[in-house]
Amino acid sequence: MEADLGAIGNLKSPIIVVSGTYGSAKPYQELLNGQPIGAAVTKTITKAPKPGNPQPRILEGKGWIINSIGLENPGIEAFVEHFEEEYATASYPLILSISGESVQEFCYLAEKVEPLSTPIALELNLSCPNVDDEGLAFGLKRERITEVVTECRKISRFPLIAKFSPFQAIDASFAIAAYKAGVSAISLINTMPAMKLDIRRFRSALGFLSGGMSGPALKPIALKMVYEISRSVPIPVIGMGGISCGEDAIEFLMAGAKAIGIGTANLVDPTVHTAVYSDIRSFIEENRLSSIRDIPKLLRR
Amino acid sequence: MSPIIEKTVVLENIKASADSHILVLSSEKIGRLTQPGQFVEVSCDPDHLVLKRPFSVYEANEETLSLYVKRVGKGSQWLQQLRPGGSLEIIGPLGNGYRIIESGRCLLIGGGCGIASLKMLSREIEERGGSSDAIFGFKTAAEIPQTAIEAFQTHTGTMTVTVEMGLYPKTGTVVDRLKELTIGAYQHFYACGPIGMLKALVPFLQTLDTQVSLEMRMACGFGVCYGCSVKTVSGNKRVCCEGPVFSMQEVDWHDL
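These protein sequence lines are chains A and Z, in that order.
For the first sequence, the working numbering gives the first residue as 1, with consecutive numbering after it.
For the second sequence, the working numbering gives the first residue as 1, with consecutive numbering after it.
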């Protein structure tokens with residue numbers, strides 16, 4: 001049941017708890033410990049502390065939720081200072097998620113986390129909504145991706161993972177740019193930018209104008225992107241988006257993901273990982289496969 | 001203490017008012033651990049809805065756990081139509097409950113389904129030898145949960161029920177009723193209800209020993225998503241983790 005993530009190493013399980021749905025909250029850590037989790041990704045950390053967006057931050061519709069947390073986090077200084085004590089009890093490897101508003105900010109963050117000894121990789125959250133002088137969101141230019149990865153590569157000893165929004169995964173060009181600049185893996189996909197209006201109050205139903213959609217409705221979109229991009233780059237793709245059960249996870253592995261991420265489902269049932277793991281194992285046994293690596297070989301055209 | 005995930009069975013579903021039901025669930029694990037003011041995350045129509053929903057624990061003992069379910073959206077509507085024998089997955093107990101003071105007179109102030117989090121508290125105060133009075137406010141008389149009010153009355157002294165709209169039993173808000181009392185006769189205040197009600201209480205109770213329980217939309221309920229963050233005088237706090245009970249002075253009421 002090991003997942004081969006190339007330069008990042010072998011994870012003892014293909015299940016990764018994704019960024020935004022993993023944190024140091026004690027009650028939650030206790031629910032996760034002992035489960036077959038390959039790795040967990042911290043909430044995205046930014047240079048300055050972020051207070052986050054106004055309430056309400058969570059909405060639900062048919063098969064989806066929209067969150068507009070606004071990357072609430074204590075900022076990199078406080079994060080690094082408390083990292084060892086807060087995550088001391090985690091029984092699985094950790095991946096750090098960082099996001100900057102500029103190339104310089106990404107570099108600053110990469111440098112700040114260098115002293116930490118336990119993380120196994122650095123995930124670059126490249127879906128930053130900030131708009132540059134040409135009116136493009138930060139991550140929507142391939143040259144910008146190349147630049148961020150190249151510069152972080154020079155600074156960081158950690159293997160890098162590029163995490164893309166659905167807009168950056170619409171074709172493989174962003175993934176190829178990130179690969180050429182030196183990332184070790186690609187995470188697909190982040191939440192989908194989304195909104196809901198309150199027609200009685202004539203305004204956004206969220207405290208902020210819009211947020212990111214996740215949940216089961218995202219799955220078919222994410223799956224197609226994982227299928228295409230895993231065939232276009234020679235580095236591992238970590239597939240995520242709406243995975244809530246074993247069948248969902250197996251679909252992503254069959255589509256070409258080397259590991260899978262569970263996010264929203266993990267907020268509903270933090271023990272979902274054990275069930276998903278057991279379903280993947282049963283699938284491998286039922287189909288007389290020798291490992292997870294054989295799952296994509298089953299897929300016929 | 002680590003929260004527990006438990007499969008429970010509906011033992012009773014009692015219609016309490018025009019828009020609320022009391023669900024009594026079997027619970028061998030969570031019920032016995034629950035403290036007054038804590039909450040649980042409840043699976044609601046899991047084939048169609050994504051997230052669990054947070055509910056205050058109305059009552060709990062060694063074998064059962066009860067929820068007070070007001071009809072708000074699809075989740076609560078689904079819970080209200082459950083029959084005995086139906087199953088529900090719950091996670092709990094969650095959050096920090098009320099700090100209970102052994103001496104002095106307490107005043108409980110509840111608005112709408114906010115009364116739910118005060119029920120165990122009223123029993124606990126009585127069991128520890130304290131005494132409490134209560135003011136409960138509802139929108140209309142149809143929303144008054146008569147059986148719940150009677151259950152409260154076994155643990156509290158004077159109970160005042162008021163409605164915002166309508167004549168019975170008294171017209172006015174909980175603030176109107178509070179003004180009629182001698183506030184100085186009480187040492188401790190506990191309030192749970194809509195944000196508007198809590199804000200209206202601030203000018204009267206802010207400088208006193210007042211604990212409020214906040215309600216907020218949540219995705220997880222156990223501290224991970226930061227969906228329920230509120231501003232306090234000491235920075236952002238998660239309603240699910242550092243709350244739901246806060247000191248009234250601690251909350252930044254301008255932001256709510």
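Rather than coming from a laboratory, the hints here were simulated on the basis of the structure.
Possibly wrong hints are sitting among the right ones.
Unchecked claim - DSBU-like, lysine-lysine: derived pairs with alpha carbons at most 35 Å apart:
#	chain 1	residue 1	chain 2	residue 2
1	Z	Lys170	A	Lys196
2	A	Lys219	Z	Lys74
3	A	Lys154	A	Lys141
4	A	Lys224	Z	Lys139
Structure-based check of all given hints:
{"no.": "1", "hint": "Z/Lys170 x A/Lys196", "in the structure": "39 Å, violated"}
{"no.": "2", "hint": "A/Lys219 x Z/Lys74", "in the structure": "23 Å, holds"}
{"no.": "3", "hint": "A/Lys154 x A/Lys141", "in the structure": "21 Å, holds"}
{"no.": "4", "hint": "A/Lys224 x Z/Lys139", "in the structure": "50 Å, violated"}
In summary, the numbered hints that this structure violates are 1, 4.
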